[in-house]
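S.K.: Now for the letters of each chain:
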Amino acid sequence: MSQPPVFILGGAQTDFSRNWSKENKHIVALMREAMLGALETTGMEPREVQTAHVGNFAAELYAHQGHLGAFVIDVDPALSGIPTSRHEAACASGSIAILAASAEIEAGRYDLAAVIGVEQMKTVDPATGGDFLGTAAWYEREAKGIEFPFPKLFGRLGDEYDKRYGLRDEHLAHIAAVNYSNARRNPLAQTRNWYMSESHASRQSRYNAVIGGRIKASDCSQVTDGAVAIFLASEKYAREYAKRSRVALDKIPRILGWGHRTAPVEFDTKMDESRDNPYVLPHTRRAILDAFARAGVSLEQISGIETHDCFTTSEYMAIDHFGITKPGESWKAVEEGVIEMGGAFPINPSGGLIGAGHPVGATGVRQMLDAFRQVTEAAGDYQVEAARKIATLNIGGSGTTSCAFVIGS
Amino acid sequence: MGVGAAELFAAGGYHVVMLAREREKAIDAIAEVQGLARAEAISEQIEPGSYDADLQRAVSGAAIVFEALAEDLALKRSFFERIDRYRAPDSIVATVSSGLSIAEMAQGRSPSFRQHFLGIHLFNPPHVIVGTEVIPHAETDPAVVERVVELLNKRLGRRLIEARDRPAFAGNRVAFKTMNEVAQLVPDYGVVFLDYLIGPHTGRAMAPLATIDLVGWDVHEAIVNNVYTRARDEAHVLFKLPGYMKDGIAQGRLGDKTPAHGGFYRRTEKGVEILDTSSGKYHEAAAPKPIDFVEEMKVLHRVGRYRESLAVLKTARAAEADLARRVVLGYVSYALNRVGEVAETNGAIDTIMSYGFNWAPPSVLVDLLGAASIVELLKRYELKVPPIVERAAAENKKLYAGSVLDFGRTFVG
Chain A
1 MSQPPVFILG GAQTDFSRNW SKENKHIVAL MREAMLGALE TTGMEPREVQ TAHVGNFAAE
61 LYAHQGHLGA FVIDVDPALS GIPTSRHEAA CASGSIAILA ASAEIEAGRY DLAAVIGVEQ
121 MKTVDPATGG DFLGTAAWYE REAKGIEFPF PKLFGRLGDE YDKRYGLRDE HLAHIAAVNY
181 SNARRNPLAQ TRNWYMSESH ASRQSRYNAV IGGRIKASDC SQVTDGAVAI FLASEKYARE
241 YAKRSRVALD KIPRILGWGH RTAPVEFDTK MDESRDNPYV LPHTRRAILD AFARAGVSLE
301 QISGIETHDC FTTSEYMAID HFGITKPGES WKAVEEGVIE MGGAFPINPS GGLIGAGHPV
361 GATGVRQMLD AFRQVTEAAG DYQVEAARKI ATLNIGGSGT TSCAFVIGS
Chain B
1 MGVGAAELFA AGGYHVVMLA REREKAIDAI AEVQGLARAE AISEQIEPGS YDADLQRAVS
61 GAAIVFEALA EDLALKRSFF ERIDRYRAPD SIVATVSSGL SIAEMAQGRS PSFRQHFLGI
121 HLFNPPHVIV GTEVIPHAET DPAVVERVVE LLNKRLGRRL IEARDRPAFA GNRVAFKTMN
181 EVAQLVPDYG VVFLDYLIGP HTGRAMAPLA TIDLVGWDVH EAIVNNVYTR ARDEAHVLFK
241 LPGYMKDGIA QGRLGDKTPA HGGFYRRTEK GVEILDTSSG KYHEAAAPKP IDFVEEMKVL
301 HRVGRYRESL AVLKTARAAE ADLARRVVLG YVSYALNRVG EVAETNGAID TIMSYGFNWA
361 PPSVLVDLLG AASIVELLKR YELKVPPIVE RAAAENKKLY AGSVLDFGRT FVG
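Those protein sequences? They're chains A and B, same order as listed. Under the working numbering, the first residue of the first sequence carries the number 1, and numbering increases by one thereafter. Under the working numbering, the first residue of the second sequence carries the number 1, and numbering increases by one thereafter.
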């Protein structure tokens with residue numbers, strides 16, 4: 001069944017290198033700045049927004065604040081009264097908010113939706129934050145009493161690849177180096193001025209400690225604070241917007257396809273379930289294929305990918321799950337430069353979660369904004385040449401909730 | 001600064017030869033670079049050496065020679081004489097000076113040296129503070145400036161402005177005027193009160209006197225003396241180093257870098273002590289007495305309501321508010337009256353104040369308070385109205401080119 005199109009009108013992102021706790025800011029300040037920035041960038045008025053969806057993982061834990069949907073209203077008095085809600089699916093929270101907003105537009109309920117992804121994480125020390133992140137797994141079974149449970153879980157994803165197909169850590173180090181290198185060109189990336197090299201990422205050292213299993217610090221995305229706001233619109237609204245912005249409607253990007261699948265929460269159950277499957281995370285693979293099918297595209301038509309590299313192992317997984325290589329052969333794409341800028345399928349031109357930063361609830365929305373920037377040739381120094389269609393993959397938990405999108409015009 | 005600069009260039013992918021008086025000192029410095037980069041592997045890109053043994057070889061093979069000696073014109077000039085002898089014809093020579101005359105440093109050098117010479121003023125620590133000034137002198141080849149701008153922007157992630165070769169360039173000229181103005185007020189109002197009243201809520205990451213302690217009283221002295229001696233403008237008297245600071249420096253009181261002697265603050269095992277400028281002694285720090293309008297501004301910043309916060313500053317009736325307004329408006333007036341003198345545009349001054357000092361850009365303060373209001377306030381406080389603000393008021397135009405996403409971080413709750 002053909003769905004009505006959902007257009008992306010643009011948005012804004014906070015600088016992911018900022019520490020909002022050092023600025024002594026409440027989480028509402030993050031939401032305000034992202035939303036005001038998005039309004040200014042798109043030239044829209046607050047009164048035009050008809051509905052708002054917030055993606056957030058754990059503000060109750062990190063910022064002792066719930067009911068985030070309601071805080072959208074605080075941005076401007078003209079928003080008072082609009083329906084709002086907050087969505088949570090661990091690190092995929094932002095994508096779930098996008099799905100909810102786009103479903104409302106497809107259903108014809110509203111013509112213009114704001115989606116805000118937000119997370120404030122630098123409020124606590126790393127060990128406490130690691131424990132909070134553990135609630136994205138089955139906490140009592142996989143995280144309780146374990147220091148930094150998620151690096152360990154994604155280390156085990158690497159171990160599973162190693163067991164099934166073989167995995168060399170040098171390929172993970174290369175993935176880290178590529179993401180950091182891309183991030184240097186992204187003016188909003190958290191690590192844009194950090195030092196990284198393949199040599200550093202390859203070795204365990206004082207400054208590159210093992211965090212869990214085969215995961216070293218250089219394999220990890222970074223905890224940070226951030227918010228991203230985008231506007232999604234119906235065709236009716238997009239037509240008006242195109243007219244007043246003096247752009248052709250077909251130049252305004254849209255969500256061409258989406259995929260959304262959920263696997264069992266526990267990592268061991270996932271691995272048991274996929275034992276005889278060529279894909280280690282088959283539900284993630286299906287989410288990607290669903291997005292491609294709904295968009296009516298094949299991988300060859302994709303100009304670049306913004307994927308969920310919470311750890312280098314998750315990007316390694318994404319490479320074969322997107323179909324860039326056969327299952328278990330992601331290393332070939334790494335070695336051949338396929339995933340680098342200028343390669344056949346540049347992955348994370350923004351720097352991804354490792355380079356750009358991973359404020360959990362904001363990540364899915366950030367990926368979509370970066371995809372929008374790519375297909376509108378507005379990505380500046382990290383622009384993929386002639387980008388027409390960009391795919392995204394956003395994952396919650398240890399490969400539990402998978403959301404994929406294809407964005408293009 | 002040599003360590004920070006080495007880290008910056010190595011992290012940007014350059015091979016760096018780091019020279020010091022003795023090779024061992026360069027080796028120690030490389031360990032510091034590893035600490036800044038949080039990576040041992042950065043040393044693979046850095047080669048240690050000494051001026052005596054390695055200068056000629058290193059300079060003759062270098063694309064960029066980056067000088068980070070002490071702020072001493074004679075010392076720098078004698079160093080550049082040697083560089084001039086050894087450098088490759090196309091190589092760029094840069095000084096990290098924070099305010100000495102670029103033209104005077106190049107005086108007497110070969111035409112090629114003079115064409116390839118300019119200032120690259122980094123702010124400490126450069127791996128954290130991205131604001132940077134590029135300062136050509138009259139003879140610098142524009143193509144050299146272009147090359148330097150490109151590499152600093154694209155490879156080293158700098159937020160760059162081109163500043164004029166004027167005393168203290170742009171950022172230090174504007175910031176140290178305000179900081180010295182506050183330092184001059186200390187005998188009348190005290191350290192705690194001033195750092196509270198002109199604190200982060202007025203659009204700065206750190207209170208002014210704490211900032212002077214951080215940069216060092218000796219560095220502060222060098223900068224304000226340089227401007228006081230070499231520049232004449234409406235704020236001339238505000239660059240005069242307070243007598244108590246001159247005396248303190250003579251006694252070794254240089255701020256955070258001399259923990260035993262202290263600065264405005266002295267940290268002891270018992271806690272933080274405060275300098276009493278009348279006696280030169282320290283006493284136990286007492287929390288500042290809260291002032292309603294200050295607390296109200298902080299609450300508004302915390303929730304991202306910067307315009308509303310400045311409206312509170314504008315209308316506050318408390319006696320202290322007059323002093324706060326005078327200092328904040330003095331900053332706006334001084335900064336924007338320097339347009340065309342220390343930098344071409346207000347945008348350049350905004351960038352360096354924001355990314356070099358983490359201060360709210362002066363144009364943002366104008367926009368948030370309203371240009372017409374600012375004109376009226378400046379007149380009330382007998383501060384010089386910048387022509388650019390007058391124009392903005394007349395034409396009802398915004399001055400700041402960015403958005404809240406660019407300046408929000410400069411307002412602290």
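A portion of the hints provided could be inaccurate.
Stated by the list, open to error - Below, simulated SDA-like cross-link-like pairs (lysine to any residue); rule was C-alpha separation at most 25 Å, straight line:
no., chain 1, residue 1, chain 2, residue 2
1, B, Lys398, A, Asp76
2, A, Lys122, B, Val299
3, A, Lys22, B, Lys257
4, B, Lys289, B, Glu395
5, A, Lys22, B, Ala311
6, A, Lys22, B, Lys397
7, B, Lys398, A, Gln65
8, B, Lys298, A, Gln65
9, B, Lys154, A, His26
10, B, Lys298, A, Asn19
11, B, Lys398, B, Lys257
12, A, Lys22, B, Arg267
13, B, Lys298, A, Gly337
14, B, Lys154, A, Glu198
15, A, Lys22, B, Ser60
16, B, Lys154, B, Gly108
17, A, Lys22, B, Gly35
18, B, Lys397, A, Leu36
19, A, Lys22, B, Gly216
20, A, Lys22, B, Arg305
21, B, Lys314, B, Pro259
22, B, Lys298, A, Asp76
23, A, Lys122, B, Ala74
24, B, Lys397, A, Gly337
25, A, Lys22, B, Glu376
26, A, Lys22, B, Gln184
27, B, Lys270, B, Asp292
28, A, Lys22, B, Arg307
29, A, Lys22, A, Asp159
30, A, Lys122, B, Val128
Just so you know, the hints here were simulated from the structure itself, not pulled from any lab data.
S.K.: Hints the structure violates: just list their numbers, smallest first.
M.R.: 4, 6, 7, 9, 11, 13, 15, 16, 21, 23, 24, 25, 26, 27, 29
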